[in-house]
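Engineer: Listed below are the residues making up each chain.
There are 2 protein chains.
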Amino acid sequence: MNKDKIFIYNTLHKKKELLEPITPGKIGLYVCGPTVYGEPHLGHTRPAITFDIVFRYLKHVGYQVRYVRNITDVGHLENDADEGEDKIAKKARLDQLEPMEVAQFYIDSYHFAMDKLNVLRPSIEPRASGHIIEQIEMVQQILEKGYAYVSEGSVYFDVVKFDQDFGYGKLSGRNLDEMISNTRTLDGQDEKRNSADFALWKKAAPEHIMKWNSPWSLGFPGWHIECTAMSTKYLGDHFDIHGGGMDLIFPHHESEVCQSTVANGIESVKYWMHNNMITINGQKMGKSLNNFITLNQFFTGDHPLLEQAYQPMTIRFFILQAHYRGTLDFSNEALQAADKGYKRLMTAVATARELSPTEGAENIGIQKIMDECYDAMNDDFNTPITIAGLFEAVRITNSIKDGNLKINKEELTLLNQLFQAFVFDIFGLLESELGGDDQLVDGLMQTIINIRTEARAKKDWATSDLIRDELAKLDIVLKDGKDGTSWSKK
Amino acid sequence: MNKDKIFIYNTLHKKKELLEPITPGKIGLYVCGPTVYGEPHLGHTRPAITFDIVFRYLKHVGYQVRYVRNITDVGHLENDADEGEDKIAKKARLDQLEPMEVAQFYIDSYHFAMDKLNVLRPSIEPRASGHIIEQIEMVQQILEKGYAYVSEGSVYFDVVKFDQDFGYGKLSGRNLDEMISNTRTLDGQDEKRNSADFALWKKAAPEHIMKWNSPWSLGFPGWHIECTAMSTKYLGDHFDIHGGGMDLIFPHHESEVCQSTVANGIESVKYWMHNNMITINGQKMGKSLNNFITLNQFFTGDHPLLEQAYQPMTIRFFILQAHYRGTLDFSNEALQAADKGYKRLMTAVATARELSPTEGAENIGIQKIMDECYDAMNDDFNTPITIAGLFEAVRITNSIKDGNLKINKEELTLLNQLFQAFVFDIFGLLESELGGDDQLVDGLMQTIINIRTEARAKKDWATSDLIRDELAKLDIVLKDGKDGTSWSKK
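Residue numbers (my numbering), protein chains in the order written: chain A, 7 to 496; chain B, 7 to 496.
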């Protein structure tokens with residue numbers, strides 16, 4: 007492993023660049039987290055797993071990583087407008103919809119799902135609602151520097167002035183003039199000087215539930231300011247990596263560039279990383295398309311589009327089979343293939359632990375595979391190429407097991423290190439779904455089947471019958487076939 | 007079940023009172039949660055489980071409960087004073103200690119431990135650091151009403167004035183005059199008018215890391231104000247139940263009474279509930295006493311005072327065996343006894359599901375047990391009396407299984423409903439630690455032991471040896487004793 011050779015595709019410059027940390031030995035990583043007003047779904051998995059791999063790999067090669075992933079809980083839930091503000095104010099607190107209760111429910115759901123996918127918790131998980139002061143202070147800074155204006159109790163970022171002084175569109179490539187000429191001024195937008203301006207603070211309508219006092223109005227922060235305020239607070243005004251889905255490049259991340267350039271006097275982010283999207287059977291995911299699948303539905307199989315339940319590790323492995331910048335299409339066939347591949351890999355990992363070395367066996371190139379895996383990860387976290395390397399190791403493992411290949415002691419140690427490093431530490435795959443008690447049950451059943459086979463060979467029908475009866479009590483049935491005896495639960 | 011008959015011991019009036027919700031059908035419940043600057047330990051379990059039972063029971067009888075449990079993450083971590091403020095300010099953000107990273111680590115640890123204990127997540131889990139605006143606003147209200155004063159950038163609550171107007175010490179029974187005469191004025195306390203006054207806002211020393219701007223200073227909120235601000239925000243200025251450990255009555259909860267009386271114009275809390283403390287081998291728990299045991303140490307057995315690892319459900323059941331207002335002493339003997347009781351209960355629960363009814367069997371009093379269990383829970387959540395009722399049901403279950411007692415169909419249904427309601431829904435015990443694969447492994451091992459016993463009876467040493475060898479491969483050893491053969495993993 008060589009932590010001085012990691013290349014990252016930087017969306018800002020549209021090319022791969024050598025990772026050179028701002029503070030030696032340390033990495034500040036900020037990733038846009040979930041908006042917690044709905045069940046965690048397939049769309050949440052890709053950024054979560056992509057940046058989990060980045061987090062794990064950077065730690066693996068020796069960096070101290072502070073990973074901040076926010077929670078957007080400043081929602082837009084509204085009280086029933088029919089009731090009118092006065093009536094609502096008179097209602098008991100417990101009779102009112104509490105947006106934080108909704109947010110908490112989905113935060114917990116998100117955590118439970120991410121735990122199942124073995125996504126590590128970030129170092130800090132700040133909530134937007136918990137950083138209103140920091141956001142107000144940043145809006146004040148932007149106002150003081152002259153790149154924002156107050157209008158009817160709201161505050162807007164002045165994109166035209168920013169464009170003149172700093173140039174707008176560096177990250178997304180959008181051209182401001184085109185943006186403006188393509189937008190008609192809409193009713194209700196006349197608070198803004200220009201259609202391209204975006205809100206830093208919004209005055210709340212009476213029915214809007216989540217609101218705070220500010221110098222401008224009782225209101226709530228604009229969507230973009232939370233990430234700039236929280237990344238600045240926890241990582242400083244200049245930090246290494248900012249990640250998120252490609253769909254966030256415009257307008258969210260472009261607006262972050264504007265905000266930090268003015269408030270911090272610097273473009274805060276050195277490397278911008280964006281994962282590509284997930285499609286389902288070739289279509290974009292969406293509630294209106296009836297192909298919106300929650301993670302719980304994947305885990306239980308309870309959705310018309312799913313032929314079966316899928317284990318969390320199958321989904322994790324499936325996502326790792328594609329490079330994070332490539333598209334990824336979910337289908338039952340693809341998931342079933344991923345499941346087979348995952349099981350084949352994990353079986354080989356278990357097999358490798360039990361192999362015996364052969365003294366004086368010739369070198370069979372394990373170090374080369376190890377180097378190729380690190381090279382792939384250093385090349386913009388190329389997990390599919392890394393997986394190809396691991397399957398070369400799987401092939402070798404199975405050949406040794408079958409007696410067609412020999413391995414010496416040093417290389418056997420290295421083979422096991424390779425699996426430990428990439429399968430568990432870096433890819434974060436779990437063995438437990440195959441191993442643990444399941445493995446013990448398999449072992450005990452094999453023991454019982456062996457005893458029965460011996461007994462039958464000796465024509466000891468009493469023992470053979472006893473075994474069948476005892477297993478029946480446990481709802482286990484044996485089936486004798488030409489390849490031996492198999493078992494199943496009733 | 008009768009939700010109109012729940013009596014709660016109200017610390018405020020030192021007697022049991024009928025629970026009459028402020029808003030019909032709804033309960034607002036606030037509990038003081040953990041301070042997240044250390045590993046979750048035994049001391050965290052008792053309030054968490056006590057109020058988990060309250061939460062579960064109130065929901066079980068049909069209330070809609072909004073349960074708010076805060077996280078105190080406004081810590082007192084300090085930067086290295088030797089370095090001086092200027093030097094620290096020049097350091098890169100990633101080189102500085104980030105208290106939120108420490109807090110996040112312990113929040114996650116707390117959640118993982120509570121999940122293992124099957125403690126439900128509260129409806130809302132607000133963090134003190136996320137509600138600075140609300141706390142500042144409440145301090146401003148108290149200042150405006152004349153019950154607080156600013157001194158050297160800090161704000162103090164004027165306890166003497168409060169005592170004159172409202173009477174101090176209602177909850178704790180403390181007498182203000184005695185408190186004052188017992189306290190000598192200490193150096194550095196001269197900011198306060200009176201030794202009994204407590205801080206609402208503290209100006210931060212330069213080395214203090216967590217600090218926010220306020221009208222008075224760059225500082226941080228006093229410890230007591232967070233609970234009043236957050237309970238008011240999420241439950242309203244008058245809510246049903248406030249819980250916490252007895253050690254919080256003074257000064258924390260007494261100060262909350264002062265704050266809410268002034269800020270909200272009302273004593274916010276209708277019923278104050280306090281759980282008693284846990285001792286270890288008769289001693290108070292404390293880091294200096296070497297008897298400080300973290301939950302992880304309980305789960306792994308890795309502490310000099312522990313003779314073995316204890317499963318989370320053993321700890322949960324142990325806590326339920328005592329009434330929440332009684333003391334509870336942890337010892338290996340007591341935990342081992344709890345483990346046996348828990349397993350006996352769960353075995354009977356599984357047995358009851360398999361029982362067959364006898365047509366025309368006489369009534370054996372299951373409804374009476376059910377009524378007694380509800381009566382016990384209605385009597386200030388008396389879990390030990392409820393457990394006594396459940397063990398009466400266990401005795402009956404085992405008698406039916408052994409053929410010494412018969413049960414009719416209606417009562418068998420009721421028996422299973424009793425176990426479902428109290429063991430799972432209300433007590434939140436889990437079956438999985440005994441069931442599932444563990445049960446299958448036990449069954450398979452018993453099958454193998456039976457075959458071996460048969461083989462040895464027939465002097466079939468070949469089969470007996472084969473079994474021993476096969477099990478050895480699975481790291482399982484058999485031990486023959488006078489009560490038969492037992493097995494264990496190496």
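Heads up, a few of these hints could be off.
Identical copies look the same in the list; a pair holds intra-copy or inter-copy alike.
[Claimed, not checked] Computed cross-link-like contacts, BS3-like style, restricted to lysine-lysine with a CA-CA straight-line distance of at most 25 Å:
id: 1; residue 1: LYS290; residue 2: LYS151
id: 2; residue 1: LYS32; residue 2: LYS22
id: 3; residue 1: LYS22; residue 2: LYS217
id: 4; residue 1: LYS239; residue 2: LYS217
id: 5; residue 1: LYS415; residue 2: LYS65
id: 6; residue 1: LYS176; residue 2: LYS349
id: 7; residue 1: LYS93; residue 2: LYS176
id: 8; residue 1: LYS349; residue 2: LYS11
id: 9; residue 1: LYS93; residue 2: LYS239
FYI, nobody ran anything at the bench for these hints, they're computed from the structure.
Engineer: If a hint holds in the structure, say so; if it doesn't, say that too.
Structural biologist: Taking the hints in turn, this is what the structure says about them:
{"no.": "1", "hint": "LYS290 to LYS151", "result": "neither (41 Å within a copy, 57 Å between copies)"}
{"no.": "2", "hint": "LYS32 to LYS22", "result": "within (20 Å within a copy, 57 Å between copies)"}
{"no.": "3", "hint": "LYS22 to LYS217", "result": "neither (42 Å within a copy, 39 Å between copies)"}
{"no.": "4", "hint": "LYS239 to LYS217", "result": "both (22 Å within a copy, 12 Å between copies)"}
{"no.": "5", "hint": "LYS415 to LYS65", "result": "neither (28 Å within a copy, 61 Å between copies)"}
{"no.": "6", "hint": "LYS176 to LYS349", "result": "neither (44 Å within a copy, 65 Å between copies)"}
{"no.": "7", "hint": "LYS93 to LYS176", "result": "neither (48 Å within a copy, 35 Å between copies)"}
{"no.": "8", "hint": "LYS349 to LYS11", "result": "neither (32 Å within a copy, 56 Å between copies)"}
{"no.": "9", "hint": "LYS93 to LYS239", "result": "between (39 Å within a copy, 18 Å between copies)"}
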